[in-house]
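Visitor: Construct the complete structure from the given sequences, taking the supplied hints into account.
In numbering that gives the first Met the number 0, the protein residues as written are 0 to 127.
One thing to keep in mind: the hints can contain errors.
[Claimed, not checked] Keeping only pairs whose Cα atoms sit at most 25 Å apart, straight-line, the calculated SDA-like set for lysine to any residue is:
no.: 1; residue 1: K74; residue 2: D123
no.: 2; residue 1: K74; residue 2: S120
no.: 3; residue 1: K72; residue 2: R110
no.: 4; residue 1: K72; residue 2: E2
no.: 5; residue 1: K104; residue 2: E61
no.: 6; residue 1: K3; residue 2: E40
no.: 7; residue 1: K72; residue 2: V32
no.: 8; residue 1: K72; residue 2: S120
no.: 9; residue 1: K104; residue 2: Q70
[To be verified] The following label-pair restraints were derived from C-beta to C-beta distances:
no.: 10; residue 1: L94; residue 2: K74; range: 12 to 20 Å
no.: 11; residue 1: P60; residue 2: E88; range: 18 to 26 Å
no.: 12; residue 1: E61; residue 2: N109; range: 30 to 38 Å
no.: 13; residue 1: P27; residue 2: E88; range: 26 to 34 Å
no.: 14; residue 1: E2; residue 2: G87; range: 29 to 37 Å
no.: 15; residue 1: E61; residue 2: E122; range: 28 to 36 Å
Bear in mind the hints are in silico, worked out from the structure with no lab data behind them.
For each residue, glycine too, the CB sits at the ideal point set by N, CA and C.
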Amino acid sequence: MREKIDVLVADDQRRARQSLRALLSTWPPAGAVLEADTGREALRIVEESQPGLVLMDARMPEMDGLQATLQLKIKWPQIKVVVLSMYGEYEAEALAVGADAFVGKGEPPNRLLHVLSAVISGEDARES
Numbered sequence: 000m001r002e003k004i005d006v007l008v009a010d011d012q013r014r015a016r017q018s019l020r021a022l023l024s025t026w027p028p029a030g031a032v033l034e035a036d037t038g039r040e041a042l043r044i045v046e047e048s049q050p051g052l053v054l055m056d057a058r059m060p061e062m063d064g065l066q067a068t069l070q071l072k073i074k075w076p077q078i079k080v081v082v083l084s085m086y087g088e089y090e091a092e093a094l095a096v097g098a099d100a101f102v103g104k105g106e107p108p109n110r111l112l113h114v115l116s117a118v119i120s121g122e123d124a125r126e127s
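Guide: See the structure below:
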């Protein structure tokens with residue numbers, strides 16, 4: 000049996016965090032699901048808990064998800080980051096700051112789970 004992966008969901012919208020938590024409960028690799036509502040809080044939780052995977056909203060208050068992703072990948076390059084946004088124009092910037100993948104928030108849930116599985120397997124999820 001594969002080891003479970005703790006996942007941090009960073010999104011300023013509580014409903015989005017709840018939806019992602021519910022979806023992750025159906026994804027066999029998911030271990031503990033942690034939550035943050037700002038990029039700054041996400042970095043604090045990563046420092047404390049070292050999750051294996053972070054789902055990061057591109058835009059949040061205090062520190063946006065793209066800046067948080069850049070800082071996270073500099074300090075913890077082994078942690079996988081998938082950036083989420085309603086706006087596809089953030090994809091290039093997300094990948095440029097080190098995100099392992101980008102998924103539009105309007106994508107079907109099974110697409111997100113497919114990308115998460117690819118990312119944790121070390122596949123290039125950008126081609127998925």
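Visitor: Could you run down the list of hints and mark each one as holding or not?
Guide: Quick rundown of the hints versus the structure:
Distance check on the hinted pair: K74 and D123 sit about 21 Å apart at the alpha-carbon level, within 25 Å; holds. With a CA separation close to 21 Å, the supplied pair K74 and S120 stays within the 25 Å bound. For a cut-off of 25 Å, the pair hint linking K72 to R110 stands: about 24 Å separates their Cα positions. For the hint linking K72 to E2, the alpha-carbon distance of about 22 Å falls within 25 Å, and the restraint holds.
A threshold of 25 Å between alpha carbons decides the hint, and for K104 with E61 the separation of about 21 Å falls inside it, so the pair holds. For a cut-off of 25 Å, the pair hint linking K3 to E40 stands: about 23 Å separates their Cα positions. A C-alpha spacing of about 20 Å is found between K72 and V32, which places the hinted pair at or below 25 Å, so the restraint holds. Of the pairs offered as hints, the one joining K72 and S120 holds, with about 18 Å between alpha carbons and a cut-off of 25 Å not exceeded.
About 23 Å separates the Cα atoms of K104 and Q70, which keeps this hinted pair within 25 Å; it holds. A hinted range of 12 to 20 Å for the beta carbons of L94 and K74 is consistent with their spacing of about 19 Å. The supplied range of 18 to 26 Å is met by P60 and E88, whose beta-carbon atoms lie about 20 Å from each other. Taking 30 to 38 Å as the suggested C-beta distance range, the pair E61 and N109 conforms, at roughly 32 Å.
A beta carbon spacing of about 33 Å between P27 and E88 agrees with the range 26 to 34 Å that was offered as a hint. Roughly 33 Å separates the CB atoms of E2 and G87, a value that falls within the hinted 29 to 37 Å. Checked against the hint of 28 to 36 Å, the C-beta distance between E61 and E122 comes to roughly 32 Å, which is consistent with it.
In this structure, every one of the numbered hints holds.
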